[in-house]
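Starting from the given sequences, assemble the full structure and let the hints guide the process.
Take 492 as the starting number for the sequence shown in this note's numbering and just add one per residue.
Read the hints as simulated data drawn from the structure, not as lab findings.
Glycine included, every Cβ here is placed at the ideal spot set by N, Cα and C.
Mixed in with the good hints, there may be bad ones.
[Said to hold, decoys possible] Using 30 angstroms as the maximum straight-line C-alpha spacing, the simulated DSS-like pairs for lysine-lysine come out as follows:
| hint | residue 1 | residue 2 |
| --- | --- | --- |
| 1 | Lys633 | Lys622 |
| 2 | Lys547 | Lys558 |
| 3 | Lys609 | Lys627 |
| 4 | Lys602 | Lys624 |
| 5 | Lys547 | Lys504 |
| 6 | Lys633 | Lys555 |
| 7 | Lys609 | Lys672 |
| 8 | Lys583 | Lys694 |
| 9 | Lys590 | Lys605 |
| 10 | Lys627 | Lys694 |
| 11 | Lys502 | Lys655 |
| 12 | Lys605 | Lys655 |
| 13 | Lys693 | Lys602 |
| 14 | Lys553 | Lys566 |
| 15 | Lys633 | Lys502 |
| 16 | Lys513 | Lys633 |
| 17 | Lys627 | Lys513 |
| 18 | Lys517 | Lys502 |
| 19 | Lys581 | Lys694 |
| 20 | Lys590 | Lys602 |
| 21 | Lys502 | Lys534 |
| 22 | Lys547 | Lys566 |
| 23 | Lys693 | Lys609 |
| 24 | Lys672 | Lys655 |
| 25 | Lys605 | Lys672 |
| 26 | Lys624 | Lys655 |
| 27 | Lys602 | Lys583 |
| 28 | Lys558 | Lys534 |
| 29 | Lys513 | Lys581 |
| 30 | Lys517 | Lys538 |
| 31 | Lys627 | Lys549 |
| 32 | Lys602 | Lys672 |
| 33 | Lys655 | Lys627 |
| 34 | Lys513 | Lys547 |
| 35 | Lys504 | Lys558 |
[Claimed, not checked] Computed Cβ-Cβ distance ranges for the label pairs, DEER-style:
| hint | residue 1 | residue 2 | range |
| --- | --- | --- | --- |
| 36 | Ile666 | Lys547 | 41 to 47 angstroms |
| 37 | Ser637 | Ala525 | 19 to 25 angstroms |
| 38 | Gln617 | Ser660 | 22 to 28 angstroms |
| 39 | Cys515 | Asp576 | 42 to 48 angstroms |
| 40 | Lys581 | Thr601 | 47 to 53 angstroms |
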Amino acid sequence: MKKDLIRAVAKEKGEQYYVPEKPCAKGHSLRSTAGGGCVECRKAAEKRRYHADPEKTKVIVKAKYQKNSEILRAKRREHHNMHKDDEVLKSKACERARKWRIANPNHANTKAAKRAYKINNPHKTQASSVKRKVGKIQRTPKWLSSEEFWLIEEIYALAALRTKMHGFSWHVDHIIPLQGKTVSGLHVPENLQVIPWLDNVKKANRYAA
Numbered sequence: 492m493k494k495d496l497i498r499a500v501a502k503e504k505g506e507q508y509y510v511p512e513k514p515c516a517k518g519h520s521l522r523s524t525a526g527g528g529c530v531e532c533r534k535a536a537e538k539r540r541y542h543a544d545p546e547k548t549k550v551i552v553k554a555k556y557q558k559n560s561e562i563l564r565a566k567r568r569e570h571h572n573m574h575k576d577d578e579v580l581k582s583k584a585c586e587r588a589r590k591w592r593i594a595n596p597n598h599a600n601t602k603a604a605k606r607a608y609k610i611n612n613p614h615k616t617q618a619s620s621v622k623r624k625v626g627k628i629q630r631t632p633k634w635l636s637s638e639e640f641w642l643i644e645e646i647y648a649l650a651a652l653r654t655k656m657h658g659f660s661w662h663v664d665h666i667i668p669l670q671g672k673t674v675s676g677l678h679v680p681e682n683l684q685v686i687p688w689l690d691n692v693k694k695a696n697r698y699a700a
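What follows is the structure in structure tokens.
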């Protein structure tokens, strides 16, 4: 029951993979959210099928790729039709932002002001960047397995894929911030989520329990 719950939560968040409470019979811990199967076992099975009949496997993979491409195009058309009003609102918001930048050229929140600040204060910018990197390293446990490191990479790859598919930026957010004021989390797969950039900016360095 808990396994189904973990999978359901991952599916609700739109995650491609999840880590169950217990590994599979061969000790693998990463499973596909869509089918619930073991990712490593599936890769091994595909490799065996390929070596058994390479030509047949190539035909199957090509057909699967074409099918997935058609599905992806259909989803893009559906997303575009569903969010036509969003595009109108977005264009109006961009126009308001453009007029605001013209009316407030010296405001601290403009890109030009931020760029000038970075140029005039390189030591502060570098210190902030180093603090962020060091904080992530310090909050990454040494006991993470190679599969968990791979899963972290896949989560960042998922963010890049969603950005490409939806046409706006998606960020990898730490559910419990690495350097929160009241609580600090770890840089582990269970503490990562892929969310739209605007939600990440609004969330900032806070933790909503």
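Each hint tested on the structure:
1. Lys633 <-> Lys622: 19 angstroms, holds
2. Lys547 <-> Lys558: Since the Cα atoms of Lys547 and Lys558 sit roughly 17 angstroms apart, the hinted pair holds (cutoff 30 angstroms).
3. Lys609 <-> Lys627: Given pair Lys609, Lys627 holds - Cα atoms ~22 angstroms apart, limit 30 angstroms.
4. Lys602 <-> Lys624: 23 angstroms, holds
5. Lys547 <-> Lys504: With Cα atoms ~36 angstroms apart, Lys547 and Lys504 exceed 30 angstroms; violated.
6. Lys633 <-> Lys555: Distance of about 39 angstroms is beyond 30 angstroms: violated.
7. Lys609 <-> Lys672: 25 angstroms, holds
8. Lys583 <-> Lys694: Between Lys583 and Lys694 the Cα gap is close to 24 angstroms, so the pair holds against 30 angstroms.
9. Lys590 <-> Lys605: Distance ~18 angstroms between Lys590 and Lys605 Cα, so the pair holds.
10. Lys627 <-> Lys694: 18 angstroms, holds
11. Lys502 <-> Lys655: 20 angstroms, holds
12. Lys605 <-> Lys655: At roughly 27 angstroms apart (the allowed maximum being 30 angstroms), Lys655 and Lys605 satisfy the hint.
13. Lys693 <-> Lys602: 18 angstroms, holds
14. Lys553 <-> Lys566: Given that 30 angstroms is the threshold and the Cα spacing comes to 20 angstroms, the pair holds.
15. Lys633 <-> Lys502: 28 angstroms, holds
16. Lys513 <-> Lys633: OK: Lys513 and Lys633 at ~21 angstroms, within 30 angstroms.
17. Lys627 <-> Lys513: OK: Lys627 and Lys513 at ~27 angstroms, within 30 angstroms.
18. Lys517 <-> Lys502: This hinted pair holds, its Cα atoms lying about 24 angstroms apart.
19. Lys581 <-> Lys694: The given pair, whose Cα atoms are some 20 angstroms apart, holds under the 30 angstroms limit.
20. Lys590 <-> Lys602: Answer holds: Lys590 to Lys602 is near 14 angstroms, not above 30 angstroms.
21. Lys502 <-> Lys534: Satisfied, since the Cα-Cα distance of roughly 21 angstroms is no more than 30 angstroms.
22. Lys547 <-> Lys566: Between Lys547 and Lys566 the Cα gap is close to 29 angstroms, so the pair holds against 30 angstroms.
23. Lys693 <-> Lys609: 23 angstroms, holds
24. Lys672 <-> Lys655: 33 angstroms, violated
25. Lys605 <-> Lys672: 25 angstroms, holds
26. Lys624 <-> Lys655: Holds, at about 26 angstroms.
27. Lys602 <-> Lys583: Roughly 19 angstroms separates the two Cα atoms, so the pair holds.
28. Lys558 <-> Lys534: Holds, at about 20 angstroms.
29. Lys513 <-> Lys581: 45 angstroms, violated
30. Lys517 <-> Lys538: 16 angstroms, holds
31. Lys627 <-> Lys549: 41 angstroms, violated
32. Lys602 <-> Lys672: 27 angstroms, holds
33. Lys655 <-> Lys627: Holds, because 26 angstroms separates the two Cα atoms, which is no more than 30 angstroms.
34. Lys513 <-> Lys547: It is violated: about 34 angstroms lies between the C-alpha atoms, which goes past 30 angstroms.
35. Lys504 <-> Lys558: Holds, at roughly 24 angstroms.
36. Ile666 <-> Lys547: 41 to 47 angstroms: Cβ of Ile666 to Cβ of Lys547: about 44 angstroms, so the range 41 to 47 angstroms holds.
37. Ser637 <-> Ala525: 19 to 25 angstroms: 23 angstroms, holds
38. Gln617 <-> Ser660: 22 to 28 angstroms: 24 angstroms, holds
39. Cys515 <-> Asp576: 42 to 48 angstroms: Because 45 angstroms falls inside the window, the suggested range holds.
40. Lys581 <-> Thr601: 47 to 53 angstroms: With a Cβ separation near 20 angstroms, Lys581 and Thr601 fall outside 47 to 53 angstroms, so the hint is violated.
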